[in-house]
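Number of protein chains: 2
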Amino acid sequence: MAKDKKLVEAITSMDVDFAQWYTDVVKKAELIDYSSVKGCMVIKPAGYAIWENIQKELDFRFKETGVENVYMPMFIPESLLEKEDHVEGFAPEVAWVTYGGLEPLQERLCVRPTSETLFCDFYSREIQSYRDLPKLYNQWCSVVRWEKTTRPFLRSREFLWQEGHTAHATAEEAEERTEMMLNLYADFCEEVLAMPVIRGQKTDKEKFAGAEATYTIEALMHDGKALQSGTSHNFGSGFAKAFEIQYSDKENKLQYVHQTSWGLTTRLIGAIIMVHGDDNGLVLPPRIAPVQVMIVPVQQQKEGVLEKAYELKNVLSNYKVKVDDSDKSPGWKFSESEMRGIPVRVEIGPRDIAENQAVLVRRDTHEKMTVSLDELNEKVGELLNTIQSDMLARARAHRDAHTYEAVDMDSFVKTVEEKPGFVKAMWCGSQECEDKIKELTGATSRCMPFKQDHLSDTCVCCGKPAVKMVYWGRAY
Amino acid sequence: MAKDKKLVEAITSMDVDFAQWYTDVVKKAELIDYSSVKGCMVIKPAGYAIWENIQKELDFRFKETGVENVYMPMFIPESLLEKEDHVEGFAPEVAWVTYGGLEPLQERLCVRPTSETLFCDFYSREIQSYRDLPKLYNQWCSVVRWEKTTRPFLRSREFLWQEGHTAHATAEEAEERTEMMLNLYADFCEEVLAMPVIRGQKTDKEKFAGAEATYTIEALMHDGKALQSGTSHNFGSGFAKAFEIQYSDKENKLQYVHQTSWGLTTRLIGAIIMVHGDDNGLVLPPRIAPVQVMIVPVQQQKEGVLEKAYELKNVLSNYKVKVDDSDKSPGWKFSESEMRGIPVRVEIGPRDIAENQAVLVRRDTHEKMTVSLDELNEKVGELLNTIQSDMLARARAHRDAHTYEAVDMDSFVKTVEEKPGFVKAMWCGSQECEDKIKELTGATSRCMPFKQDHLSDTCVCCGKPAVKMVYWGRAY
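Chains as they are written, first to last, in our numbering: chain A, 1 to 476; chain B, 1001 to 1476.
So here's chain A without its partners, still in its complex pose:
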């Protein structure tokens, strides 16, 4: 069986070549396929189902805070895109439509790289009175950025995301919403993806063009590199002034609105892979896994085995369960289920049936345990909860063990070189020091965490008085 053969050829070990290990996992766990369009990927069922679960969970959380979904056009006229400063950041990387059918367009349209300008144009017509505020809109869509080098999920020319765009009467409300969504993202990552994140603010250098403040969640991958996993921007009234988005307040005076935007992408699937995966493939946290339990019948040709497997599927109907009744050997099925990251495997064979038991195997630790079938439902439920919390604890321990401190440049440089991870260090607030640190180490400022530590009084780079403690790191 050609397919099985490919599967069990061991994938590259992450210690040997982390990048190749990543590529092997996305392919062999059948998350994506490459397409005929350079830099664009096909997201296969196993990958898309993870995204559907992310969508479902996030969408629910958004709506709990009053957010409503809308859909904006995928095209932005060039003149509209140019209306705001932040176009300069995007112009070199947008795809341009120049023909509609057989005729050249009078004005070029870009395929949205992000939709601030469309939302602003819409809000300028939609908002007249304080009664129309706040607007709490979000859309799920795909966006295009013409990247030179691409990697599945991490950087592709087209990717899927959600983009929230809100408009508020006051600066305070906008700030509150910006922080609320950042915390919503962080809680989601920790509770559902078992992925601990640092919550903080981007420096001026790293913030989104056009934003007054950009907040970010930063996660640490298994190789010690950082991954920006979600951002939330406070735009103040900059866009409102450029697009004339004004409302009449209760005293009938015209005021500019205050806006936010916040987004999270399929990149997060890359993060799940690189935070939890191991040399046997993907490891999915139970709360995001499209299949939580795989039942593998052993000696399935023997009478009663397959029937028992289906019966157990019914017993476990509270969970997302599949029976692998294909004609592959149990060994193949074990590897396959591991490659795909399914949290719990249930093995059931004639001897187990005779003894009214089954074997449970954890994907994350490979630990095996024998349980009575009378307790199966309860034990599987407990095990899924345990795996979820253990995965978070393990990822947090890894992150903490790879978070270092530096109070002078020598130790900073040495740490980045020798110990992949986050480096916490004090900073004077100047872009010169950020640039210099990047030049010397390749590390960038990831964020100024909300939880500040005081490591010393002076900037790690220039020795001048420090204003913030910053997380630094090499990043994806």
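For the record, the hints were derived by calculation from the structure and aren't laboratory data.
We put the CB at the ideal spot given by N, CA and C, even for glycine.
Incorrect hints may have been included.
[What the hints assert, rightly or not] Under the rule of at most 35 Å between Cα atoms (straight-line distance), these lysine-lysine pairs were calculated in the DSBU-like manner:
(1) A:K28 x B:K1250
(2) A:K241 x B:K1328
(3) A:K38 x B:K1056
(4) B:K1322 x B:K1308
[Unchecked claim] Residues from chain A shown here face chain B by an in silico Cβ test under 10 Å; the list is partial:
(5) F62
(6) V94
(7) E103
(8) D278
With the hints as your guide, set chain B onto chain A.
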């Protein structure tokens, strides 16, 4: 209050100008807004929530039949698009990307008008053995067709849809899937949208380029025009031959796969409007309504009224309920709730509270009834069910009352001119007669229904022996 004022200016009556009535409803029920991109619309929360409900219900039904979701790139290289005949149908109406960032592309990319070619390209790599079959993939996405004239939901340059693409080992399986999906669409329209449809097959002239057979569901709008509401295509192995999609069967012989595709779009929202709407606005079937019950407090400034309204919201927590606690008058709120098509309105004021009752008002019939608060939950549930089935019955009665028969061309022409609706007539099977009928009447063959009647032995147009009974009509 500017907004209220706009709302209660009566909309155009559908009898006066149906097209204007439609435009008024989509705007005033706040389903869409026009955008800065000609032919592209902004789908607003009230419109998008309908689409979300359609997605949720259809997606569930798809998955019950084994379908899995994927995501394909939005771009198709020109060379790939040209690989199959059906490109000729799409070439005049695709949008072309010619620049990526600042550089011209070596090969133009079109924004997908539909994704047959991408799925085929993918399947040609993905399918090797009979073990890989069937493939039952679907995607939810937006597609672009550069239409000259556009109307919200009915015909726009970008629209949202789902496209299913399946590959099977045998012709029988492909045919079975094609019919299964058509019936799934039809059942969905009738059960959820309260919209009766004719199920049938397109003539060769009207079928999808590249398909062996196209099945369709056709609905009748309130103005007597037909709307094609969903299609399902059997491709046979035509695409498989063009794209070399072969599998080795159990005897290890290479065979071409047999394929299907099927799609349904945001056009369906236009159908809901035109089947159920009235001169007060939108009328939504309860099973698709984003808000099923609107509670309107009367004299809400009086003590206890708002509290009671919120209390009733909790009592009705099985349904999708909102309380309109804005500072508008009850009259405005009634009109607004009607314009938005909310199936049931609950009115509650001080006198109602004193008498432990509330007034229920049906959106579809405007019927009022007083119910005891002790029975409110039960009565609202019953009423929603009654409205759902009454709406289907009423739409069916309207459709049937506007379905005519013709056995000669004189009566055919007269019927189409004078009685908007479907005309059933026998047909010889030649495209000449289809062309002639279109020329004489503007009516096209909508479908050859699965349920055939025998009206006469001869073609309504040429008098030669008839082979099929056909539904004809002017269409959107």
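These are the hints, each one checked on the structure:
With a C-alpha separation of about 25 Å, the suggested pairing of K28 (chain A) with K1250 (chain B) holds against the 35 Å cut-off. At most 35 Å may separate the alpha-carbon atoms for a hinted pair to count; K241 (chain A) and K1328 (chain B) meet this at roughly 30 Å. A distance of roughly 32 Å separates the Cα atoms of K38 (chain A) and K1056 (chain B); the hinted pair therefore holds under the 35 Å criterion. The hinted pair formed by K1322 (chain B) and K1308 (chain B) meets the criterion: a straight-line CA distance of about 13 Å does not exceed 35 Å.
Given hint, F62 (chain A) at the interface with chain B, is violated; its Cβ is 12 Å from that chain's nearest Cβ, farther than 10 Å. Contact between V94 (chain A) and chain B, as hinted, is supported at the beta carbon level, the nearest pair being about 7 Å apart and thus within 10 Å. Nearest Cβ of chain B to the Cβ of E103 (chain A): about 9 Å, under the 10 Å cut. The hint holds. With a cut of 10 Å, the hint placing D278 (chain A) at the interface with chain B is violated, because the nearest CB-to-CB distance is about 26 Å.
Comparing the model with each earlier hint shows violations of hints 5, 8; every other hint is respected.
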